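*Asks:* Place chain Y on chain F using the hints.
Respectively, the protein sequence lines represent chains F and Y. Using the working numbering, read the first sequence as starting at 1 and increasing by one per residue. Using the working numbering, read the second sequence as starting at 113 and increasing by one per residue.
Simulated from the structure, these hints should not be mistaken for laboratory data. Quantities reported herein were computed from a predicted structural model and do not represent experimental measurements. Any given hint might turn out to be false.
[Claimed, not checked] Every beta carbon over 10 Å from chain F, so not counted as near; a handful from chain Y, in silico:
| id | residue |
| --- | --- |
| 1 | His119 |
| 2 | Asp129 |
| 3 | Ser130 |
| 4 | Ala131 |
| 5 | Val132 |
| 6 | Thr136 |
| 7 | Ser138 |
| 8 | Asp139 |
| 9 | Gln172 |
| 10 | Thr177 |
| 11 | Lys180 |
| 12 | Ala182 |
| 13 | Asp196 |
[To be verified] Distance windows between CB atoms, simulated:
| id | chain 1 | residue 1 | chain 2 | residue 2 | range |
| --- | --- | --- | --- | --- | --- |
| 14 | F | Asn30 | Y | Pro194 | 33 to 41 Å |
| 15 | Y | Gln126 | F | Ser18 | 45 to 53 Å |
| 16 | F | Tyr99 | Y | Ser121 | 25 to 33 Å |
| 17 | Y | Ala141 | F | Lys14 | 41 to 49 Å |
| 18 | Y | His119 | F | Lys44 | 14 to 22 Å |
| 19 | Y | Asp171 | F | Glu59 | 25 to 33 Å |
| 20 | Y | Glu168 | F | Ser67 | 40 to 48 Å |
| 21 | Y | Glu151 | F | Val112 | 26 to 34 Å |
| 22 | F | Gly3 | Y | Gly113 | 24 to 32 Å |
| 23 | F | Asp56 | Y | Ala141 | 13 to 21 Å |
[Stated by the list, open to error] Below are the DMTMM-like pairs computed for lysine to aspartate or glutamate, each with C-alpha atoms no more than 20 Å apart in a straight line:
| id | chain 1 | residue 1 | chain 2 | residue 2 |
| --- | --- | --- | --- | --- |
| 24 | F | Lys57 | Y | Glu114 |
| 25 | Y | Lys149 | F | Asp38 |
| 26 | F | Lys57 | F | Asp73 |
| 27 | F | Lys9 | F | Asp73 |
| 28 | Y | Lys154 | F | Asp38 |
| 29 | Y | Lys149 | Y | Asp196 |
Think of the CB as a built atom: it goes at the ideal place given N, C-alpha and C, for glycine as much as any other residue.
The residues making up each chain are set out below.
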Amino acid sequence: NAGVTQTPKFRILKIGQSMTLQCAQDMNHNYMYWYRQDPGMGLKLIYYSVGAGITDKGEVPNGYNVSRSTTEDFPLRLELAAPSQTSVYFCASSHRGGYGYTFGSGTRLTVV
Amino acid sequence: GENVEQHPSTLSVQEGDSAVIKCTYSDSASNYFPWYKQELGKGPQLIIDIRSNVGEKKDQRIAVTLNKTAKHFSLHITETQPEDSAVYFCAASGKTSYDKVIFGPGTSLSVIP
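In isolation and in its complexed conformation, chain Y is listed as follows:
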């Protein structure tokens, strides 16, 4: 089955710097790659997603890139702010199977003011 790896597990950056989180997946049939942000004491919240027919997607300070050949995708956060501090999860999903939304183990991002 699908396996999603995520690096790094923890990341500290200075406010205003960029942060990059990288994920790899194993199932070449996966075609949907969402990213979720989880703030302390809350449930994960979808922040951006990308489909396999797109190489890059951007939403304000957040961007995601996808390399299907290498089976990896990344989250880029520019001009980080303290409110970006959270745990970020990448995930991969297949075309039809609801039980194949597999999450990575998460990255704890700390933005230091």
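So that you can see chain F by itself, here it is in the shape it has in the complex:
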């Protein structure tokens, strides 16, 4: 039972570079979320999706984009990396909106 799989686990980007953080779940969950975690700040919602083809902004969406072409995958795109995007990124999924999240193990991103 893989649950939620995130890749890569670590990444260093230069300012202005782009990258995609991958997230896949095998639980047939409709709801998927991207959070960022900064020290002492808890988890902030970036984007979420309620099903394939449907996405919406969370609390801190600026500088990010998402797509949801399948139920399983929910990639997060950073187009022009900035130092403020240095953070740990977590993907999560749930069977019902807002309830009982299953989190991935995270991607630690550093922008230099």
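*Replies:* Relative to chain F, chain Y alone:
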């Protein structure tokens, strides 16, 4: 929007003692209150949750209490063990809005053997 505060930010207890983490929320429409445990290098994991129609819920050494009038809820861990050492997050969620699962800033719990 919803705001969740959490105290204390760090907590150290002796093995076998109890630990209590307290959270307050601002949106009276919130009706679901989960608690997540995050071990070092891992993603958060749901450990217990409570809905607004329940005042207390217990699962072995872990219990959560909710006071809707005061808009606060607490996590109680009894007979703490070293493996309870982790960061704990409280959260609050509204009835229908997926983007309103708001997390507290976290409490780093250390259980000293």
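*Asks:* It remains to establish, for every hint, whether it holds in the given structure.
*Replies:* Do the hints match the structure? See the list:
Non-interface status of Y/His119 relative to chain F is upheld: no Cβ of that chain comes within 10 Å, the nearest being about 13 Å off. Distance check for Y/Asp129 against chain F: the nearest CB is about 25 Å away, which clears 10 Å, and the non-interface claim stands. Against the 10 Å criterion, Y/Ser130 stays outside the reach of chain F, whose nearest CB is about 24 Å from its own CB. The Cβ of Y/Ala131 lies farther than 10 Å from every Cβ of chain F, with a closest approach of about 19 Å, so its non-interface assignment holds.
Here Y/Val132 stays apart from chain F, with its beta-carbon at least about 19 Å from theirs, past the 10 Å limit. A cut-off of 10 Å between C-beta atoms confirms that Y/Thr136 is not in contact with chain F; the least separation is 14 Å. Residue-level check passed: Y/Ser138 sits 15 Å from the nearest beta carbon of chain F, beyond 10 Å. Non-interface call for Y/Asp139 relative to chain F: holds, since the shortest CB-CB distance, roughly 13 Å, exceeds 10 Å.
Taking the minimum C-beta to C-beta distance to chain F, about 18 Å, the non-interface status of Y/Gln172 holds against the 10 Å cut. Against chain F, the non-interface label of Y/Thr177 holds: every CB pair exceeds 10 Å, the least being about 20 Å. Even its closest Cβ contact with chain F, about 18 Å, leaves Y/Lys180 beyond 10 Å, as expected for a residue assigned away from the interface. In this structure Y/Ala182 is separated from chain F by more than 10 Å, as the shortest Cβ-Cβ distance comes to about 21 Å.
Every beta carbon of chain F lies more than 10 Å from that of Y/Asp196, the smallest distance being close to 19 Å; the non-interface claim holds. Our hint of 33 to 41 Å for F/Asn30 and Y/Pro194 holds, since their Cβ atoms are close to 38 Å apart. Against the hinted window of 45 to 53 Å, the Cβ-Cβ separation of Y/Gln126 and F/Ser18 comes to about 49 Å, which satisfies the hint. Checked against the given bound of 25 to 33 Å, the beta carbons of F/Tyr99 and Y/Ser121, roughly 26 Å apart, stay inside it.
Between Y/Ala141 and F/Lys14 the C-beta distance comes to about 44 Å, which sits within the given range of 41 to 49 Å. A C-beta distance of roughly 19 Å is found between Y/His119 and F/Lys44, which places it inside the suggested range of 14 to 22 Å. Checked against the hint of 25 to 33 Å, the C-beta distance between Y/Asp171 and F/Glu59 comes to roughly 30 Å, which is consistent with it. A hinted range of 40 to 48 Å holds for the C-beta pair Y/Glu168 and F/Ser67, which are about 42 Å apart.
One distance hint, 26 to 34 Å for the beta-carbon pair Y/Glu151 and F/Val112, holds here, with the actual separation near 28 Å. Distance hint check for F/Gly3 and Y/Gly113: the Cβ-Cβ separation is about 29 Å, which falls inside the suggested range of 24 to 32 Å. Distance hint for F/Asp56 and Y/Ala141: a CB-CB separation of about 19 Å, consistent with the stated range 13 to 21 Å. Between F/Lys57 and Y/Glu114 the alpha-carbon distance is near 16 Å, which keeps this suggested pair within the 20 Å criterion.
A C-alpha spacing of about 16 Å is found between Y/Lys149 and F/Asp38, which places the hinted pair at or below 20 Å, so the restraint holds. Between F/Lys57 and F/Asp73 the CA atoms are separated by roughly 17 Å; this keeps the pair inside 20 Å, and the hint holds. Only pairs whose Cα atoms come within 20 Å are accepted, and F/Lys9 paired with F/Asp73 is accepted, the gap being roughly 17 Å. Under the criterion of a C-alpha separation no larger than 20 Å, the hint pairing Y/Lys154 with F/Asp38 is consistent with the structure, at around 14 Å.
About 9 Å separates the Cα atoms of Y/Lys149 and Y/Asp196, which keeps this hinted pair within 20 Å; it holds.
Going through the hint list in order, the structure satisfies each hint without exception.
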